[in-house]
Amino acid sequence: MDQYSLETLRHSASHLMAAAVQKLYPDAKFDIGPATQDGFYYDLDMEHRLSTDDLKAIDKTMKELSNKKIPIECLEMPRDEAEKLLKEKNQTFKLERLRDIPDGEKITFYRLGDFIDLCRGPHVGNSGDIKVTRLLSIAGSYYRGKETNPMLQRIYGTAFHTKEDLNNHMRQLEEAAKRDHRKLGAELELFGFSENVGPGLVLWHPKGALVRHIIESFWREQHIKNGYELLYTPHIGRSRLWETSGHLDFYSDAMYSPMQIDNSDYYVKPMNCPFHIEIYKTRNRSYRELPLRWAELGTVYRYEKSGVLHGLLRVRGFTQDDAHIICTPEQMGQEIRQVLDFCLFIWKSFGFKDIKAYLATRPEKSVGEPERWEQAIASLEKAVCESGLACEKDEGGGAFYGPKIDLKIKDAIGREWQTSTIQFDFNLPERFDMAYIGNDGAKHRPYMIHRALFGSLERFFGILVEHYAGAFPLWLAPEQVRVIPITDAQHLYARELEAFLASKGLRVKVDDRSESLGAKIRLARNERIPYMAVLGEKEVQSSTLSARSRIDDQIPPLSFEDFAKRLLDEATPS
RNA sequence: GCCAGCUUAGCUCAGUGGUAGAGCUACGGUUUUGUAAACCGUCGGUCCUCGGUUCGAAUCCGAGAGCUGGCUCCA
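Counting in the working numbering, the first sequence runs from 1299 upward without gaps.
Don't read these hints as lab results, they were simulated from the structure. A hint or two may mislead.
Below are the DSS-like pairs computed for lysine-lysine, each with C-alpha atoms no more than 25 Å apart in a straight line [stated by the list, open to error]: (1) Lys1327 - Lys1404; (2) Lys1836 - Lys1505; (3) Lys1429 - Lys1404; (4) Lys1505 - Lys1354; (5) Lys1366 - Lys1429; (6) Lys1461 - Lys1429.
Each pair of labels, with its calculated beta carbon distance range [unchecked claim]: (7) Pro1627 - Glu1519: 24 to 32 Å; (8) Phe1698 - Asn1582: 24 to 32 Å; (9) Glu1514 - Pro1627: 28 to 36 Å; (10) Ile1559 - Gly1438: 19 to 27 Å; (11) Ala1740 - Pro1400: 50 to 58 Å; (12) Glu1672 - Lys1354: 54 to 62 Å.
Ideal Cβ placement from N, Cα and C applies to all residues, glycine included.
Please construct the entire structure, taking both the sequences and the accompanying hints into account.
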């Protein structure tokens, strides 16, 4: 339809922005300016520290350059000439980027008026093709993404073919902002944080805690059904446990300082695995008792840099829905398959249907025998294949201790979230010298698989709030029915209904404030309560109730019994 | 942690050097209401914290905390 792809358009828009920046700040040194999923950015360095106020001027200059319809020309040149040009322009980052281009590859520059940029292209024909742009924000970004490198200034923007597309995009951002779990969490009194407690430490308020309780109960029930056994383990453990596990050597950056108890150092746990392994090691294990599937809602604490904390999605204390499967080589394939199916069942229960798998294989630095890696990867691949999931392979993307499958789920407005993870571990079984006695009477090293379905309850809850936009389905809603008597004369009748519904196991409250019907409905709607039962003179006379749901507005009058039946039918996970 | 920004009542926000405000919420009263906001009144403030400049600071400057958007990292 359009002559250029959105990616090309955005890439060109980043050049147009760079041209504008160069015009306003001639000392600017440019690094890279690619298109991204939603727009583009350009990384640059200069004397002037940009602030959001500067975006207006840059935007204005971009519009001027666009109106001039300046052609964007491609210039191919030999390496020495390219180097000379960049040196002349004092573009030190670009010089380094030039050195990254392998010999024999074409070296191209793109010129937009006075702005000449080392760039692979392609680009739109002229600056007049870039009409619909919006500069969004400025940020810092480390040169080449390395924390030890100097920080450049990054300008984020986006571009579209039409004004309408841009407006749609901005509306989508607004929609996402409305669903923001931090905002809804406070509004619906689900959870919060306190400066006195500390950043990244979640306080679950009664309503959020109730939803969490329902999720946990469902989780436990399903795990028992699927052949798991539940464990509880302590929050702290002696330093020698973490020495054996290797965490003190390789994970200490994320661990909190130890506390001294009776002359020993104890660490708050960043992971649950060592405790599970200790349980495994309490006695000899026979191949006959494998596979073991041990699950725990284990609360762990990890140090996260202050700048990365984000609502419930990134915290310092969180509860993993952790499990460890310990099995023989023969059982491995079947176990992986079962975990994947279990994952899919759980995601379906919470209304997520669009799920993608990412398989990460052996990285350069790794532990464990190559055959074990190959076996494990093969079984992961086979299981994903059989499950019918779409899968992307990330060669060399596994952890040093084993390959893994991560699942990403798509929420109600199309955003992807990384949640479930299934990881082999060839490291801990070695370190802890785990073994089972095979039918040959000899000791063998078991396979160990870590897996989490939700990832963490905090993160999952945050995703759920955004997915449902705060309107939990009936089975999860902290309050399922709000009973609304119209006048004081129906208060007794309302209490009768409340007691009846509660006796059926429904979560119900009465709003008997001296307020108008409209006001009570408005409040219940704002609180995202799935059902309202309105009671007036008519309902008392006919022994009925007038129901109203979040979805249907009004429902014809029902008896207490029929109403309860309807809700109980609906109140199962789907 | 780093770059940029923000922080005024429970919430949303106004107030740019001269006595701290509005709406909603909460509370008290009046009202007895038929499907998204009845009316009147009252309470509510360490203007994030500490220090500085000034006759005088919510307002200007510095440091710190928390938060937001990114970078890095990751459940």
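Hints versus structure:
no.	hint	result
1	Lys1327 - Lys1404	23 Å, holds
2	Lys1836 - Lys1505	33 Å, violated
3	Lys1429 - Lys1404	30 Å, violated
4	Lys1505 - Lys1354	43 Å, violated
5	Lys1366 - Lys1429	11 Å, holds
6	Lys1461 - Lys1429	9 Å, holds
7	Pro1627 - Glu1519: 24 to 32 Å	31 Å, holds
8	Phe1698 - Asn1582: 24 to 32 Å	29 Å, holds
9	Glu1514 - Pro1627: 28 to 36 Å	33 Å, holds
10	Ile1559 - Gly1438: 19 to 27 Å	42 Å, violated
11	Ala1740 - Pro1400: 50 to 58 Å	52 Å, holds
12	Glu1672 - Lys1354: 54 to 62 Å	57 Å, holds
In terms of the numbered hints stated before, the structure departs from hints 2, 3, 4 and 10, listed from lowest to highest.
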